[in-house]
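**Student:** Here are the chains, one letter per residue:
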Amino acid sequence: MTDTLAGGKVSADVPEYPMERDVRCPFAPPQQMLDMNDSKPLSRVRIWNGTTPWLVTGHEVARALFADSRVSVDDRREGFPHWNEHMLATVDKRPRSVFTSDAEEHTRFRRMLSKPFTFRRVEGLRSVIQEVTDECIDEILAGPQPADMVAELALPVPTRVISDMLGVPYEDHEFFQEHANAGLARYAAADAMQKGAMSLHQYLINLVEEKQANPAEDAVSDLAERVTAGEISVKEAAQLGTGLLIAGHETTANMIGIGILALLENPEQAALLRDSNDPKFIANAVEELMRYLSIIQNGQRRVAIEDIEIGGETIRAGEGIILDLAPANWDQHAFTHPEMLDLTRDAGQQLGFGYGRHQCVGQQLARAELQIVFHTLLRRIPTMRLAIPFDEVPFKHDRLAYGVYELPVAW
Amino acid sequence: MRVTVDQDKCVSSGQCVLNAGEVFDQRDDDGVVELLTAEPGPEHAEETRNAAAACPALAIHIEE
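As they're listed, the protein sequences go chains A and B.
Numbering-wise, the first sequence is residues 0 to 410 according to numbering that gives the first Met the number 0.
Numbering-wise, the second sequence is residues 0 to 63 according to numbering that gives the first Met the number 0.
So here's chain B without its partners, still in its complex pose (with noise of 0.2 Å):
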């Protein structure tokens, strides 16, 4: 699995954060998605396909 993310869709909801905190975080000032592992472990898939899914300006991608 591998994870991109668009920072400038960002509207620092905080959904990835909230599904998968080991693969999203967020910036301090604005809140905006950092990307903690581009290729997350099959541990961390279910997760991370929910925070996809959660994200409120669609700027997670996942390429399976």
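With the rest of the complex left out, here is chain A (with noise of 0.2 Å):
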């Protein structure tokens, strides 16, 4: 049996995607994606509603395509990949973002985000990083053993910066993470998760309109004054401070959490952060474990709006394409032992910001939340240990973030 589509015929034995991990190899790729990537960089997938666009795993396709005009995230197209049913249920009702916008107003929106990430602006935020990281650490010290990292530290780190730096009452962050989670599902039905992205929607644009009344020096009031310059609709405006609050906690907290586990799995390498007073090793060491983890899963979703000739296929017009950071990022063409999280290895190439114009809007605070967490964690408690068997570890296979529910550690 054959399906026709956009003038290519497709076998009905296309592999399903997204693919699951081995769970005796939690850190790596799902292996079929792996063995895929060995005998080419893309190939055709089946994804929930029967339509077979491409998955690209090898490195220099995938960062190639990423920064290919030709390649859109315009999520209303035909032949878009979407994530779920519960993204194709709601294509007209999300208002355009940033996510969903290519070209010049991509760009529009684009700009109106990047002032609070600039490189040198994130780097005066340094020393309220390492404060708000001395703090927790400090109470996970006086506190019970064993203590859960992603509660304690994991989560709190850049919960409490990216709302110090958006201006959301941290009060409120029960609330988000709550609401952030539930749009956050990796199979979610339509009706599931209409709720918990809706009301999220709904806080962000009473935060907007209070902003208007009462302006501060934070990032939504940065959005809510061009609301009331008439760039953009209220609505635009919840939609961006919705992407960056979600992005800009559950990502980072993934981060720590599974990069600590990776780190506990590694003494040898932990070892060598500890070790290390050198800011360039320091940041090479977050870049190689953003590579080792890469925790954005079920792939970057893009479709061609020409036909694009790569890789030694031909990718159509109105063809989907999901571009997949994990096998990417453990090609052997591109990193030597894929397999071996090894800290001295220049892992610059990395692709867990993803590449081109989407690239992550806030990797400049990342990064310096990742490398002033993982590095103070390993000097103040350098006797950690993991309070559970290894294969105990509740690993987040179902949520578009990979990492880890809770990760208890003694020492």
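These are computed hints drawn from the structure, not numbers from a lab.
There's no promise every hint is true.
[Stated by the list, open to error] Residues of chain B clear of chain A, computed beta-carbon distances all greater than 12 Å:
#1 G40
#2 E42
#3 H60
[Unchecked claim] Chain B regions said to be covered by chain A (calculated; three or more residues, Cβ under 8 Å):
#4 1–13
#5 28–35
We put the beta carbon where it would ideally sit given N, CA and C, even for glycine.
Take the two lone chains and join them into the complex the hints point to.
**Tutor:** Shown next, in the form of structure tokens:
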């Protein structure tokens, strides 16, 4: 049996996507994707609605397509490979945002968001991040053992930093964490996510309106000012703010949690990081942890707007493209022995933040947070050890952002 | 070495300043790239090349 798709024949036995990780190798990308990448850097997969977009597994092809203006993030286009039924069902309800716009429209949104995330502004925040990190570790050391590093460190550090930056009251963090979580379920049905996403959106609308009346020095006030100036609508501002809020704490928190676990499992690498005083080594160590762990699962979704010849294949206009960061970051053409966490390798080309026009807006903030948290933790609790057997660590196989639900440690 | 930047392409990632802070800066208001020197000396050549390679928007061009 064959399906005919935009001029190409697609076999019925194409693999299903997303693919599951092997529970015995929880840091590794799904083995099936690595095997596919051994034969070619892009192949057809079948997704939830039966369509067969291209899955890009190779590092070089991923980088090229991320930077290719013939590749669109506009999720209203025919052929766009939506994450799940919810995203398709709500496509016309979501205001356009930095995540779903191309070219000039994207540039306009992106520049509205960039002010708090420039390299120098983030450098200026390092002392605050250090202070928040030290306070969390003080509390951990003063509290009972084992301590859950997710609840006590991985979540509170980025949440407090992004709340402060956006001007969201930290007292509301339980509310927005809960609702952000509802929006990040990997296999959500249409109605299940709706409630969480909508109430968070309403929360941001209220906040934008409040900041219009009482502006302060924060990112939501910046957006509110643009609403007042007539540049964007309240809904667009709320959509942009929601994106920053979710992306600003959930992703970094997951990276901290699973990063600590990876360091505990590689004590000789952890020792290198702990004993280093070289900011360049510490910075590269974080790039290597990002490469090794690639926490964004489910792939970056795109659609071709023109025919593209790449990697020995032709992607036709209107065909969906899924760029999966994990196999690209474990591509042995780009990184020798990718299965090894090696903090001494040059990991500068890692794709954990994506690449191209849509590369992570908050990447400099994430880098600063990760550099400070890992290094400080290893120094202040050098005898830290996992308090449960490794195979009992609960991994987030079911979330868009991979990580661990909890991480009990003792020292 | 001669460097040019395309501010229209720039997406404010900050990769240029991260790699070569003495050659590039970002506008405070929107993070768009600003060139501090169009002809960096040999001591900044490698970091300038790294910045161009890391730029996600391919907005940095180098003539050697």
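**Student:** Each hint: holds or not?
**Tutor:** How the hints compare with the structure:
Against the 12 Å criterion, B/G40 stays outside the reach of chain A, whose nearest CB is about 20 Å from its own CB. Every C-beta of chain A lies more than 12 Å from that of B/E42, the closest at about 16 Å, which supports listing it as non-interface. Every CB of chain A is more than 12 Å from the CB of B/H60 (nearest about 14 Å), matching its label as outside the interface. Counting residues of the stretch 1–13 of chain B whose CB lies closer than 8 Å to any CB of chain A gives 5, so the stated coverage by that chain holds, three being the minimum.
Coverage of the stretch 28–35 of chain B by chain A holds in this model, with 4 residues showing a Cβ closer than 8 Å to a Cβ of that chain against a need of three.
Hint compliance for this structure: every hint is met.
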